[in-house]
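Novice: Chain A is fixed; fit chain B onto it per the hints.
Chains A and B, in that order, are what the protein sequence lines are.
For this note's numbering, count along the first sequence from 1 and bump the result up by 608.
For this note's numbering, count along the second sequence from 1 and bump the result up by 608.
Please note that a few of the clues may not be correct.
When chains are identical, the list treats them as one kind, so a pair holds in a single copy or across two.
[Said to hold, decoys possible] Restricting the straight-line Cα-Cα distance to at most 25 Å, the calculated cross-link-like pairs of lysine-lysine (BS3-like) are:
1. K742 to K859
2. K808 to K929
3. K757 to K794
4. K860 to K873
5. K862 to K742
6. K681 to K800
7. K873 to K859
8. K757 to K800
9. K929 to K757
10. K873 to K925
11. K635 to K623
12. K684 to K794
13. K862 to K873
14. K925 to K702
15. K925 to K635
16. K725 to K684
17. K794 to K681
18. K700 to K652
19. K700 to K929
20. K808 to K935
21. K742 to K860
Hints in this document: simulated from the structure, not taken from any laboratory.
There are 2 protein chains.
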Amino acid sequence: MRIAVDAVGGDSYPKVQIEGAIEALEKNDNINVILLGPEELIAKELNNYSFNKNKISIFNAPQIIGMDESPAKAVKMKVKSSIVLGLALQKKGKCDAFISAGNTGALLAASTFILGKLEGVLRPTIAALYPTIKGFRLLVDAGANLEVKPEMLYQFAIMGKVYSEQVLGVENPRIGLLNVGEEEEKGTEVLKETYKLLSKTPNFIGNIEGRDILPCNADVFVCDGLIGNITLKFGESLVEAFQILIGQGIKKNKLSEEQQQIVLKVISDVISPFDYQAVGGVPFLGVDGVSLVGHGSSSSRAIKNMILNAALCVENKVNSKIVSSLKN
Amino acid sequence: MRIAVDAVGGDSYPKVQIEGAIEALEKNDNINVILLGPEELIAKELNNYSFNKNKISIFNAPQIIGMDESPAKAVKMKVKSSIVLGLALQKKGKCDAFISAGNTGALLAASTFILGKLEGVLRPTIAALYPTIKGFRLLVDAGANLEVKPEMLYQFAIMGKVYSEQVLGVENPRIGLLNVGEEEEKGTEVLKETYKLLSKTPNFIGNIEGRDILPCNADVFVCDGLIGNITLKFGESLVEAFQILIGQGIKKNKLSEEQQQIVLKVISDVISPFDYQAVGGVPFLGVDGVSLVGHGSSSSRAIKNMILNAALCVENKVNSKIVSSLKN
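Here chain A stands alone, though its shape is the one from the complex (with noise of 0.2 Å):
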């Protein structure tokens, strides 16, 4: 199994790049890494590590898309850039699966244009994920399509519960509807009509709520992406404004320095579950091949979890599954 890598995405590229795919090796047997990126740079960096020279090859990709780009000019002006060269290489077969930490936008673009749709899909998708008290669960549409129909939230919800179960590995995930309450006639019109084409899906456990989110109430959490970016922007920024207050609050206590230990001690355990680097990245739903992307700020050990998540992708077959669950 091939996963290309986007050497030359995020913050601390390549070295993140190279020392996740590194780990991810030593995770899984079946995986061998493309790099891709400008040779030189790449080669230059790998030197500094010892590894297994028939599992990482270099792809010659001399472009590089900024994080701030605007997406669709990117795409279309840098062809030999990783990202556009990474999802050709996959379109051609020659490797199973692409990720990236670079720009999301140009990513979601790309795999769109390049890798199409997958068959039965209206519009791709991208997945979030959602921290809870009871570990990462699936937000869906996370801002790829802030105008949907019911048909495209009943395929979103179907993704996502097939990538739940095959990768993220939540047995019978409980698809809930984001909505303003729990009884069937609540909400928007689009709300309505997608509550009845989800009624027939055996996991739906209908509306929820916004108070359902945090304690797990459901595994596959289904909205536009309009809702679903300003829900999860919200959710990501949980973490600083906490550590505000808490820093606050040791000061107004006046803590001594091993009070504040313990303090720190426990909420660094309450924070856990927050850490979006244990999972690495998310997953377009819907392109006909596999394409993830993650936060710029990806450390190796990030790197390292999205590849072996596109590599759970490959093995569980997720688009053959989501291709039949859509013909149920």
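Specialist: Then chain B, alone, in the frame of chain A:
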């Protein structure tokens, strides 16, 4: 100034309403309170308290609208309920404001139906108070209008700004439009149009993201009721999720009794900004009158604060300021 109080709303009536009213009278000399509900029930409870008899009166409203009753139906059928009669008193000019900790939907329906819309207002809206690291700020709409037009969002922003200034005491409140990114061209067509409409408003700071709520990067957060309701309930669930995680952290770290006390003291300081009782309730904005609603679990402190906020709406002429702001 006469404030009508629904004495039979919420979980702990009429005790919290009576105590809240007495506490409010101590804070603001200009207030008279009219308690609405079954006369005997209220009179009996009132007997337990000493208070200025000239300041508190009872208005008999024999019917009670339950927390779970269908709003439209309840308002139509229970014409002798505290909610319907309290708002009718206001409509007739026999009181200046109405507050309730009862059925929010019923209060919204009755407020719009009985008080009518304020001059120039397209849709009345319900605001919510959003906890930030700098204290409570206003989110509008919180669930009354799930599908909106740009002109409505524009009006929500203006009404929210007036309330923030006049009642919450925020100086020069910054208006932010919740969106998926900061750039003007981001978001749905409705959001792009709203951005244009708001761009002439001096205090408009542009699009803001989900991560801008907790750090208080705006003072009035504008969105449709679907987004507002979901993010609000998500925010309201934070404290409980947090307490569960802290409990687990304390257990895992096997803290002594004394160490636990230190952690819990810091945590209690940290979550104190998220105490809804301190703010009491939220306003329906855009109705031709003053109508505030609080949580069913409102304490006497919450009721007191709701009465004081209602008085501020009257004293600071919130409604006439909204009308003139909308004309600009």
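Novice: When no copy is specified for K808 and K935, does a C-alpha distance of 25 Å or less occur within a copy, between copies, both, or neither?
Specialist: within (13 Å within a copy, 50 Å between copies)
Novice: 25 Å Cα cut-off: does K684 pair with K794 within a copy, between copies, both or neither?
Specialist: between (43 Å within a copy, 20 Å between copies)
Novice: Have a look at K808 and K929 and pick one of within, between, both or neither, based on CA distance no larger than 25 Å.
Specialist: Close inside one copy (18 Å), not across copies (51 Å); limit 25 Å.
Novice: Have a look at K925 and K702 and pick one of within, between, both or neither, based on CA distance no larger than 25 Å.
Specialist: Classified as within; 17 Å inside a copy, 70 Å across copies.
Novice: At 25 Å max between alpha carbons, let me know whether K862 reaches K742 within a copy, between copies, both or neither.
Specialist: Answer is between: at 21 Å across copies they meet the 25 Å cutoff, but 33 Å inside does not.
Novice: If the cut is 25 Å between Cα atoms, do K681 and K800 qualify within a copy, between copies, both or neither?
Specialist: between (37 Å within a copy, 21 Å between copies)
Novice: Cα distance capped at 25 Å. Does K725 pair with K684 within a copy, between copies, both, or neither?
Specialist: Within one copy only: 19 Å inside a chain, 51 Å across chains, cut-off 25 Å.
Novice: Given identical chains, is K700 near K929, meaning Cα to Cα at most 25 Å, within a copy, between copies, both, or neither?
Specialist: within (22 Å within a copy, 65 Å between copies)
Novice: One pair to classify: K862 and K873, alpha carbons no more than 25 Å apart. Within, between, both, or neither?
Specialist: both (17 Å within a copy, 11 Å between copies)
Novice: Treating 25 Å as the Cα threshold, decide for K757 and K800: within, between, both or neither.
Specialist: both (11 Å within a copy, 20 Å between copies)
Novice: 25 Å Cα cut-off: does K860 pair with K873 within a copy, between copies, both or neither?
Specialist: Result: close both inside a copy and across copies, 18 Å intra and 10 Å inter.
Novice: Treating 25 Å as the Cα threshold, decide for K742 and K859: within, between, both or neither.
Specialist: Only across copies: K742 and K859 sit 16 Å apart there, 31 Å inside one copy, limit 25 Å.
Of the numbered hints given earlier, the model fails hints 10, 18; all others are met.
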